[in-house]
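First to last, the protein sequences are chains A, B, C and D. Each position in the first sequence, counted from 1, maps to that position plus 913 in the numbering used here. Each position in the second sequence, counted from 1, maps to that position plus 913 in the numbering used here. Each position in the third sequence, counted from 1, maps to that position plus 913 in the numbering used here. Each position in the fourth sequence, counted from 1, maps to that position plus 913 in the numbering used here.
By construction, these hints were calculated from the structure, which means they are not laboratory data. It is possible that part of the hints are untrue.
Each pair may be met inside one copy or between any two copies, as identical chains are not told apart.
For lysine-lysine, the following BS3-like pairs were computed, each having C-alpha atoms within a straight-line distance of at most 25 Å [to be verified]:
no.	residue 1	residue 2
1	1025	1178
2	1104	1059
3	1103	988
4	1117	999
5	1117	1107
6	1117	1178
7	1117	1059
8	1025	1107
9	988	999
10	1078	988
11	999	1090
12	1107	988
13	1025	1059
14	1107	1059
15	1178	1103
16	1107	1062
17	1090	1025
18	1025	988
19	1078	1025
20	1107	999
21	1104	1178
22	1062	1117
23	1103	1025
24	1059	988
25	1059	1178
26	1059	999
27	1178	1090
28	1103	1059
Protein chains: 4
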Amino acid sequence: MSANSIGQFFRVTTFGESHGLAMGAIIDGCPAGVVWDQNLLVQQLQRRRPGFSQVVSQRKEADIPQVLSGVFEGKTLGTPIAIIVKNLDARSNDYDSIKQRPRPGHADDVWKNKFGHVDYRGGGRSSGRETVSRVMAGAVAQMFSKTLKSELNVFGFASQIGPLKLSAEEMNPSFEKVENSVVRFPSDQKKVEKLLMDAGEQGKSYGGTAEIRITGVPLGLGQPVFHKLKSDLAAAMMSIGATSGFEVGEGRGATSEEGSEFHQKEDSPYGGLRGGISTGEVIILRVFFKPTSSVLDVAKRGRHDPCIVPRAIPVLESMAWITLADHLLWQTSDTVGYAGPA
Amino acid sequence: MSANSIGQFFRVTTFGESHGLAMGAIIDGCPAGVVWDQNLLVQQLQRRRPGFSQVVSQRKEADIPQVLSGVFEGKTLGTPIAIIVKNLDARSNDYDSIKQRPRPGHADDVWKNKFGHVDYRGGGRSSGRETVSRVMAGAVAQMFSKTLKSELNVFGFASQIGPLKLSAEEMNPSFEKVENSVVRFPSDQKKVEKLLMDAGEQGKSYGGTAEIRITGVPLGLGQPVFHKLKSDLAAAMMSIGATSGFEVGEGRGATSEEGSEFHQKEDSPYGGLRGGISTGEVIILRVFFKPTSSVLDVAKRGRHDPCIVPRAIPVLESMAWITLADHLLWQTSDTVGYAGPA
Amino acid sequence: MSANSIGQFFRVTTFGESHGLAMGAIIDGCPAGVVWDQNLLVQQLQRRRPGFSQVVSQRKEADIPQVLSGVFEGKTLGTPIAIIVKNLDARSNDYDSIKQRPRPGHADDVWKNKFGHVDYRGGGRSSGRETVSRVMAGAVAQMFSKTLKSELNVFGFASQIGPLKLSAEEMNPSFEKVENSVVRFPSDQKKVEKLLMDAGEQGKSYGGTAEIRITGVPLGLGQPVFHKLKSDLAAAMMSIGATSGFEVGEGRGATSEEGSEFHQKEDSPYGGLRGGISTGEVIILRVFFKPTSSVLDVAKRGRHDPCIVPRAIPVLESMAWITLADHLLWQTSDTVGYAGPA
Amino acid sequence: MSANSIGQFFRVTTFGESHGLAMGAIIDGCPAGVVWDQNLLVQQLQRRRPGFSQVVSQRKEADIPQVLSGVFEGKTLGTPIAIIVKNLDARSNDYDSIKQRPRPGHADDVWKNKFGHVDYRGGGRSSGRETVSRVMAGAVAQMFSKTLKSELNVFGFASQIGPLKLSAEEMNPSFEKVENSVVRFPSDQKKVEKLLMDAGEQGKSYGGTAEIRITGVPLGLGQPVFHKLKSDLAAAMMSIGATSGFEVGEGRGATSEEGSEFHQKEDSPYGGLRGGISTGEVIILRVFFKPTSSVLDVAKRGRHDPCIVPRAIPVLESMAWITLADHLLWQTSDTVGYAGPA
């Protein structure tokens, strides 16, 4: 069954266990003729990797993507694009103790119950390393989507890391400001770095909130009933480990407002989606994360992040790109002989 | 494209425009031999309908389900089950003015932009009436799921209606208490009824929050990567109109907690899901709704609810049943020769 | 599971048991704005029905199609199109004896083995009456496909009915000549009618061969690997009951020829497909049918055809239209920024 | 779109261009706990490779399969199984002339028309080398299917190579007899080898017929309408390049017989399928192939077979295994609480 595939037109399948030979992604449905941007692919994988040693996971993977098929003379062929990244730094000895004792909050025991036979090394398929595949597929989705709609953009940042939250003024940061923050939290860097370094030392961990903004969206993305754009985005985001919630637009905030005021707001209270379909305004998403679960004794010798949100940002962006690419292709079959809005 | 289908094994397809001839659901993949419970089907459709005239929508539909196929001599055949409900009370004159002026917050204009040609009567396919089909399919999903796991149950209630929220003590209501409340808000009834009656008179509307509890869940439902149970539940819930957010377990609450405390809580902070897979504990979901958009001039003559949450509860429950049925079937192909947890 | 659906973009789902309330088809994915041709729909259903009483099945169904959704003010909405036909003439008493004794060649016993619980009346879901749904969907596929490619056409005829075969000269009949033949066998009518009337009287039955020609085909339909056009056409045709084989182009004839001669023939030895993709030439298909199985004692009181081929022609044409519609939509997502062949 | 995937439960996706880095297959949906048989995988790839240098293609590929994921400590994990084979012997210089001049009968020009941008080296994705992926997936399908049904078997042989056909007595060969024939044609070896060597020297090529027998089939495989087992087998076989036809049971032979005789034959005239569902008898399939198209000037310097049938046999067997695995898994969700035939 397609448990490891997402998307209907732009269809992404991922494979790979954390300590197996390789992680991979197959992209089937990417049209022919998209100019290949290997730099983007490499750079996106770098953005997912640790940069600030005390703050983020210390696992060191070269993560060099190898394109096995689907690209020729600098352009996509319309055939399936297969990309792999080898698992070089697989120190699976660190994980031997896990075989006996499952880690709190991890999926080790539920997988064992479910499948009988599991790869217990570093979470196996349930490891956060699986997101390497998503980032590779997301880069391809971005190449394709930008070919069709050059102004389309996806941009994420952490708006909360455990006890620290962005102020209202900080909620519209520039891309540069975000990327200059090693934890993608565009606020006082000393404060957040201290929080996370202390957490690392003390075996603590934190959850947080990621904010995703999608700009330059064409009108009409999304399908009316079960594939509303918000539904597919929710599925994409909530398929990432450690997520505990998803909001569009004002999210929970919308529950307390009175309708005649809410609906007449100037600043897109719907988050760029109405009837599940894009309105052309900025799409605003929010994703909640639980505290990292690798904080307790057993797994301490593993190499994990005290807060997952910073490294999750490129993954969330990738899932957004994949969803957008799928709906951009889908949209081409909406009408016959109708050229779009006047 | 399967824009109107959900589920991979237990596959539901819905059809029908609000003021067309009929609303319908096709259930493909329901195994043969499930005892048919016509009462459940009728009763679920009743639960979705208005009961308290001033409080909820005044549209009067008999909503008598007609089973066209897939059931014979009181049991399912393993063939597609087709159920329709006629649209008897389609006073489409009320909606003529909409043709000229799109309603704020509704999808009228985005659909027009998307498809060129639309059914402008009462929202057409984007009407809340589409959920009749979901409730019918949900009833079948419930019949099947309970055949397999009799102890499985889904139970929803409103925990917030606009400014009114349940207190901490009220957060574990009995099914009876909820159903005795005409708006499924198990608190002071006078207060909430007054709020909604005033809203109806004054052309106001409110959003709110629905809480869904799934009990008696077998271990191991959900697939590891893109079809985590939380991902499929999120997609199912966020495919309902007017939703603005989705949470599992502590949801946003989990973002502020420190990990070593969070993960050692007694009361299932993960909401019954770990690694996207059911743990056997109660699954706790929360869905946020925007204020009803039919509050302004144009649509006032239409017949709509000042708060959608009460009537959304059976729809949310139905989407949960459909998702559970799908994963119950899926689970049968997880392993070969492994009889499940010891 | 989608056992009752076909197509990925233009997705058809059928439902209904032979003696249940109705037969139906859902078409999901038909773009908005296709002009609805109710006459075509009615006429195609008529073409599938018996005309020559002694020659073909005597079951009398009005077969009036009722469009429940997806069409408004004479055009498709882009929402699912649901069409049903009631089963008026369901004389299920005729079939009571079948409950005890399965009919040779029919699926009665294999279904019983498979599902445990079956609708034994006239074959239930396995009845040839299921093809009513295919013909309805095929008519919609034709409406859509002709909107996109007005010159596209599908045309079938019987080239063999039991011992009678068309001569080489008769192999390129006009549409009129075929439709003037009550059994769609464009040859000596007296001979074939006598054969079939005698068969009816003597409880005999015959197989035969249907020839399908698709003209006006655009270049490039079909996908390279698992969805070659010939593969999808084969699946579509072989999903019809009583089929025993499928050929494209010269079919078996190609097995005996030497390559350098074969490949340099003028008259499209590939049958309009190369690498599984349409070349713009006429697509030539051939489908083989076993003798009707309702010839023996038990089912004699049922109402069946001595040869299924004449009535199968509109069904085969419908399956071709459905497959073409699917690939016409699919083709729109092949390339980015490439306008097609110079 | 899933143009490169087949199967719904046991889902196979292939990738790779003939002269790209690697060919690969992803198998998603194979249950956990299947004992891994690396020898079978290697051996099946060997069976697909050339053995008789003058008779078959001279391309020399080591074809060593590398399992990247999904298998751990000798058993499948229930996660996607990714297997690749590197393209070592990619002498793409041989193919430079093709860039200018498309090869008769090949898909070079239709692909160019379709996608605009193509990999012209040795057919790229449309090369017969793509079948390496199918054979790898077929080996996994066999491992799984035999775990479930140890007596299930698939066995193919050439019954015709150009002008040479097996006699009636030769139509029931043993597996050994077939494998002892370098061209899997269990008849006079000298005759067939001379035919093919002469063809190689003279630039001739031949089509032929492959016969597939499936034994030990459980009752009830196949779904009633669009996924009849014969329909899925037809799609699987006709997705292979150079095929021109498909038959089940007596195939075309059934078209000329009278029904009361046909249906009362002792020896399974239906080819092991009734109503599209397996009866437990031997399933008999036949696949027709056109003459190899690489016989003319341009491609002569490429390395190709004068008749494709011998090397196609393991590919056909693989497609049968994949289809069987899919339906074996599918069958588990047919009924609830029904233990199968008494």
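Hint check:
1. 1025 - 1178: between (50 Å within a copy, 22 Å between copies)
2. 1104 - 1059: The answer is neither: 36 Å in one copy and 52 Å across copies each exceed 25 Å.
3. 1103 - 988: Classified as neither: same-chain Cα gap 44 Å, cross-chain 49 Å, threshold 25 Å.
4. 1117 - 999: neither (30 Å within a copy, 45 Å between copies)
5. 1117 - 1107: within (13 Å within a copy, 48 Å between copies)
6. 1117 - 1178: Classified as between; 15 Å across copies, 41 Å inside a copy.
7. 1117 - 1059: Answer is neither: 40 Å inside a copy and 42 Å across each miss the 25 Å cutoff.
8. 1025 - 1107: neither (37 Å within a copy, 52 Å between copies)
9. 988 - 999: both (24 Å within a copy, 21 Å between copies)
10. 1078 - 988: neither (43 Å within a copy, 46 Å between copies)
11. 999 - 1090: Neither, since 32 Å and 44 Å both go past 25 Å.
12. 1107 - 988: neither (45 Å within a copy, 45 Å between copies)
13. 1025 - 1059: Between copies only: 24 Å across, 42 Å inside.
14. 1107 - 1059: neither (38 Å within a copy, 52 Å between copies)
15. 1178 - 1103: Intra 37 Å, inter 31 Å, cutoff 25 Å: neither.
16. 1107 - 1062: Neither way: residue 1107 and residue 1062 sit 41 Å apart in one copy and 50 Å across, limit 25 Å.
17. 1090 - 1025: neither (43 Å within a copy, 39 Å between copies)
18. 1025 - 988: between (42 Å within a copy, 14 Å between copies)
19. 1078 - 1025: So residue 1078 and residue 1025 fail the 25 Å test inside a copy (37 Å) and across (40 Å) alike.
20. 1107 - 999: Classified as neither; 33 Å inside a copy, 48 Å across copies.
21. 1104 - 1178: neither (35 Å within a copy, 28 Å between copies)
22. 1062 - 1117: Classified as neither; 43 Å inside a copy, 39 Å across copies.
23. 1103 - 1025: neither (41 Å within a copy, 50 Å between copies)
24. 1059 - 988: within (14 Å within a copy, 33 Å between copies)
25. 1059 - 1178: Neither way: residue 1059 and residue 1178 sit 31 Å apart in one copy and 45 Å across, limit 25 Å.
26. 1059 - 999: neither (28 Å within a copy, 32 Å between copies)
27. 1178 - 1090: neither (28 Å within a copy, 37 Å between copies)
28. 1103 - 1059: Neither. Shortest intra-copy (36 Å) and inter-copy (55 Å) distances fail the 25 Å Cα cut-off.
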